[in-house]
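Enquirer: Starting from the known structure of chain P, arrange chain A on it as the hints suggest.
Which chain is which? The protein sequence lines are P and A, in order. For the record, in the first sequence the residue sitting at position 46 is 46 according to UniProt numbering, with numbers rising by one throughout. For the record, in the second sequence the residue sitting at position 11 is 11 according to UniProt numbering, with numbers rising by one throughout.
No lab work stands behind these hints: they were computed from the structure. One should not assume that every hint holds.
One copy or two, either will do: identical chains are not told apart, so a pair holds if it fits within one copy or between any two.
Claimed, not checked - Keeping only pairs whose Cα atoms sit at most 30 Å apart, straight-line, the calculated BS3-like set for lysine-lysine is:
| id | residue 1 | residue 2 |
| --- | --- | --- |
| 1 | 354 | 207 |
| 2 | 22 | 292 |
| 3 | 346 | 292 |
| 4 | 175 | 193 |
| 5 | 259 | 528 |
| 6 | 207 | 175 |
| 7 | 346 | 22 |
| 8 | 259 | 175 |
| 9 | 207 | 346 |
| 10 | 346 | 528 |
| 11 | 354 | 22 |
| 12 | 259 | 354 |
| 13 | 354 | 292 |
| 14 | 22 | 528 |
| 15 | 528 | 175 |
So the chains spell out like this:
Protein chains: 2
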Amino acid sequence: MPVSRRQCANAIRALAIDAIEKAHSGHPGAPLGMADMAEALWRHGFRHNPADPAWFNRDRFVLSNGHASMLLYSLLHLTGYALSAEDLAQFRQWGSLTPGHPEYGHTPGVDITTGPLGSGIASAVGMALAERLLATRFNRPGHTIVDHRTYVFLGDGCLMEGLSHEACSLAGVWKLGKLIALYDSNGISIDGKVTGWFTEDVAARFKAYGWQVIGPVDGHDCDALDQAIAAARGDEDRPSLIICNTHIGFGSGLEDSEKSHGAPLGAEMAAAAKAALGWEAEPFVIPEDIAKAWDAREEGARLEQTWQDALVAYRQAYPELWEEFTRRLDGTLPAQTDQILADFVKKAQEAQEKVATRVASKNVLSVLVPALPELIGGSADLSGSVGTKTASSTILDPAVYEGNYICYGVREFGMGCIMNGLAVHGGFIPYAGTFMVFSDYAKHAIRLASLMHLRVIWVLTHDSYAVGEDGPTHQPIEHLNMLRSLPNCDLWRPCDSEECAAAWQAALGRHNPTCLSLSRQGLPFVAKPAQADIARGGYVVRDCDGTPDIILLGTGSEVSLCLGAADVLAAAGTRVRVVSMPCCTVFDAQDADYREAVLPSAVRTRLAVEASWPDYWRRYVGLDGDVLGIDHFGASAPGSVLAGEFGFTVDAVVARARALLA
Amino acid sequence: MPVSRRQCANAIRALAIDAIEKAHSGHPGAPLGMADMAEALWRHGFRHNPADPAWFNRDRFVLSNGHASMLLYSLLHLTGYALSAEDLAQFRQWGSLTPGHPEYGHTPGVDITTGPLGSGIASAVGMALAERLLATRFNRPGHTIVDHRTYVFLGDGCLMEGLSHEACSLAGVWKLGKLIALYDSNGISIDGKVTGWFTEDVAARFKAYGWQVIGPVDGHDCDALDQAIAAARGDEDRPSLIICNTHIGFGSGLEDSEKSHGAPLGAEMAAAAKAALGWEAEPFVIPEDIAKAWDAREEGARLEQTWQDALVAYRQAYPELWEEFTRRLDGTLPAQTDQILADFVKKAQEAQEKVATRVASKNVLSVLVPALPELIGGSADLSGSVGTKTASSTILDPAVYEGNYICYGVREFGMGCIMNGLAVHGGFIPYAGTFMVFSDYAKHAIRLASLMHLRVIWVLTHDSYAVGEDGPTHQPIEHLNMLRSLPNCDLWRPCDSEECAAAWQAALGRHNPTCLSLSRQGLPFVAKPAQADIARGGYVVRDCDGTPDIILLGTGSEVSLCLGAADVLAAAGTRVRVVSMPCCTVFDAQDADYREAVLPSAVRTRLAVEASWPDYWRRYVGLDGDVLGIDHFGASAPGSVLAGEFGFTVDAVVARARALLA
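Here chain P stands alone, though its shape is the one from the complex (with noise of 0.2 Å):
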């Protein structure tokens, strides 16, 4: 007798049951809830190969409750994947390949990392329009090497997020027809019953996004799911959410109560509910019939052939084009990348132009926009006035997915989750930009991005008080100090268009990603000593005979500042040395003897000067230095006129260097 679906459903509830009762630590509620659904995905059309992870074109899954982790672990284990039982056993310890929440990178078959809630749906609307950017781009008649879908698990919590809004309003406007979301709708929160605190139409809000909305359907009845995700299958025109109405916990002492989701059911619980579902194997011991219904591994190896075997008769008719997808999907950067960099870098030396950052930044954009296909820009509504689109950006079409530039509209976390999706699909660079104090928006998109390793690129413009007149509400204080305290993340903070072009080349060559802080104001051309290397993150700009008496650190928008004032200081006798310091992570990686070139740890007098929350600095003018910050809130008024208040000028940071020399 073949094994019943139900069963096979069981051996998820009975791997995350053990997992969570070994660990003594986990959430039970919603792998017991969603385990039908995710049998009825995972062993019905959903297209992989446990063989290999990466396999480009395998269909993408997105669990947005990321709590759920051990129904992803499971499926893994059950399908093949290299994901062992003792891994399972491992679950949410040191080292294990089962963190708590899904883990991009450090666990084969998790292809994004989620918990954070909302985050999941959001990066998957990206990942879903990668693929159809990437298919149009690729595809030729007769040759369809892009073609997968993106399905996604999520909860009420997501939905109750705003970022779910952001991106499933664009979702409907992109049409993005191969996003299937599930949506598992058992009515409780950490809270309780969700009806004190949710009780909008969920069905009605995403049909106004222009969604097919199917259900609700039973969430336990393996039929109603299989025609539920028929029916999304077939609407190629439009996402799909598909409402299962599911009970949490299910089958356990704690069903439909909130106290199933956090904590482990404890051990008497536990083997009552595997007895309640008639499971009666071991801990982590799956009974050979039912392994092998759940077995992808032949299946998934069929796929990913006749895709290879695609891929080949692609190369023959299309050897320009495979070029390109390979080397995309690879994330390498075309060759020709260093040399347009190093002719823009000669040019703006011959210039000598004074521009704002974020205009430098533009004219950077638009000599690797046109070389680099993988380069997909945008903004959150803000296209004009942070220079993120070129004269060779093409907007979205939905119509024909042609385009290399989103207008993603005023929301910046889901333009912040929708790059992230983008990048961790493959195949793209997104970069795209707002002004820096919306930042905070999307700070936890970029916190995602910098946990992930994904190579996205933040071009945040008007990055100090020199906003001006739109006052405090749009004038960064403290988002420097924020956006350097994020691991993984590099900061830079060009001065020029020079500094500007080295920014976007190490931005460009890391996997990792990258925030631009730019200037909304025009910036002098910085001439620069022979043997200056910005790509090393900090750099003596201006040198004195012999020891410095001080020493100036600048960045952005104060290295010409720094420079004023050691004329003023050098004309009186003072040996000034100047430091830009664009990159504060990069320069600090940098070896010893080169650190100690720039920043003699004999000099102690030094002043560091930014537009910014001051404290940072403390780590390199210590306590016998002194920086020149701001540590309260802006002001509406002029530029120039916050410049003299706020005491960002030549004079104001020759007095501070003589205060400290004196």
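Expert: Chain A alone, transformed into the frame defined by chain P:
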């Protein structure tokens, strides 16, 4: 002949054009587009008193699309607030009353700071909720002293932001019938026609939230607007959204163009626009008949006088309620607050209990909540974990608007802005909790609270790697640094119950936001010397004889590590001082003598220990000291295992201290 309503609206348009032209900066499109909406509302049933902008029972006005500031300033000027034509002529200039975006506490009549899109409508939800809760609490038959509406103007941008989803969904749950939003639907955002990125059916979306949706109406047809506003006022069971179809830049040569959004029209077009509007007066001059038609002072005085009379009658009828009412509007605490906290501390000192500081915080709240009716708590769906719900907390019941606790659902940013609305309305001290790592989602709400000097208290728990098994997505690393870089915001990271009580006392006693950083894990009670003054933010918790060889600085969960290390070091003959620094900003604000007494400048061998991004502490330890922090993401494993792996053990502190002393 009486002046026409269009002429009245054109007064707004003319003033907006004049001020923006004079400033050479600003946003003409929205004031020109919304002038008729503003006329319909402000001249017809908007209850306020220009002579007393702080009149409690006024209707509130929230300009959620805050870039339309000149609309609001014009209204304030025209209706008779202390905002002169000269003030308007100083639009966007240093020290003027008319900054680029409306600033609460700066300009008479501005009810809330706006500009960051979505935040206005979200905070308006909090303002409208405050009104309903106070009405229930204080109104008595025949004595209606709380009865006002909250009106909001908002644009496409606000509706794209996820924040609007979170807050408006809750407004539907809460049936805030006295919240009326007028949507300036002009089909244009900064990047152009919104059809490329904003195609959702807004009416259907808001109906899905449970709102009354009115329109679309012609936003330039005063009769249609009158009817719509009347219908909105007529339904007190549901919040209302009036969709007003308007033309951005109405009457100007840039009508219906995004080019009218964010830059002056220019002299020529400005003159043409005024001519087209039939406006002939000199710049900043309002013809007498139009001025008279706008003047709301007499009616405003009458409205407030009626209320003041009612309040006198109320005082006689309900003296105790009157006392609480006036006290809460003043924002003063109950007289017994300090004693309650002193009693708590005494018991904590006796009990010396090992307790997680999130539990300590709950214990403090458990004595405060019954005594402070102005406390309104809540959580973003983590009530049990973050300890914000006490035995005296009753969940908000929108059927009767009773309760002192809000289940916000998984909506951190919405929660933050709603708290800002509750605080800015008056009568409440909002506090609410989430995991510290998700403060990211709400960062900008905390920023706005800081900018507005609002007494809002954030309970941020699970404040380090010690979260343990949930892994890096749930372990804050950079957040302490982020929140400490926010002007006006204090972050307290208490080490035990006693410090926790001090933190709450400080938070309640200031008119600015406070973040509490609290542990998931149990922390030992710390014995303190008699002279320890926690309220000073930092103090010597363990000293040595003579000048210390080394000072250990710790906060929160790391204080006990420092004390343990001090024991080991002292046993080996090292003179060790330990400083507990629960609130750096409060410590920094102490007099120099006190700071010197705690951190003698002669002692440069300093080791800071905090399980967070280390840079911040360089301001205390300089270049000669060291920081034991975390400059990488966390991992999923039991917290005690991570403590060993990440070096947060007594042994590790001792080793770092010895390395520094060597």
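Enquirer: Work down the list of hints and note, for each, if the structure agrees.
Expert: So, going through the hints one by one against the coordinates:
1. Proximity of residue 354 to residue 207 under the C-alpha cut-off of 30 Å is found in neither arrangement, the shortest distances being 50 Å within a copy and 52 Å between copies.
2. Only within a single protomer do residue 22 and residue 292 lie at most 30 Å apart by alpha-carbon distance; the minimum there is 25 Å, versus 77 Å between protomers.
3. In this assembly of identical chains, the alpha carbons of residue 346 and residue 292 never lie at most 30 Å apart, being 63 Å within a copy and 65 Å across copies at closest.
4. With identical chains, the CA atoms of residue 175 and residue 193 are at most 30 Å apart between copies only, with a shortest distance of 18 Å across copies and 33 Å within one.
5. In this assembly of identical chains, the alpha carbons of residue 259 and residue 528 never lie at most 30 Å apart, being 63 Å within a copy and 39 Å across copies at closest.
6. For the identical chains of this complex, residue 207 and residue 175 are neighbours both inside a copy (12 Å) and across copies (23 Å), given an alpha-carbon limit of 30 Å.
7. Proximity of residue 346 to residue 22 under the C-alpha cut-off of 30 Å is found in neither arrangement, the shortest distances being 62 Å within a copy and 41 Å between copies.
8. Only between protomers do residue 259 and residue 175 lie at most 30 Å apart by alpha-carbon distance; the minimum there is 29 Å, versus 38 Å within a single protomer.
9. Proximity of residue 207 and residue 346 under a CA criterion of 30 Å is satisfied in neither setting, with 53 Å inside one chain copy and 58 Å between copies.
10. For a Cα distance limit of 30 Å, the shortest separation of residue 346 from residue 528 inside one copy, 13 Å, qualifies, whereas the shortest one across copies, 64 Å, does not.
11. In this assembly of identical chains, the alpha carbons of residue 354 and residue 22 lie at most 30 Å apart only when taken from different copies (27 Å versus 64 Å within one copy).
12. Within a single copy, residue 259 and residue 354 get their C-alpha atoms only as close as 62 Å, which misses the 30 Å cut-off; across copies the closest is 26 Å, which meets it.
13. Within a single copy, residue 354 and residue 292 get their C-alpha atoms no closer than 68 Å, and across copies no closer than 51 Å, so neither meets the 30 Å cut-off.
14. Within a single copy, residue 22 and residue 528 get their C-alpha atoms no closer than 61 Å, and across copies no closer than 40 Å, so neither meets the 30 Å cut-off.
15. In the homo-oligomer, the alpha carbons of residue 528 and residue 175 never lie at most 30 Å apart, since the shortest distance is 50 Å inside one protomer and 63 Å across protomers.
Against the hints set out earlier in the document, violations occur for numbers 1, 3, 5, 7, 9, 13, 14 and 15.
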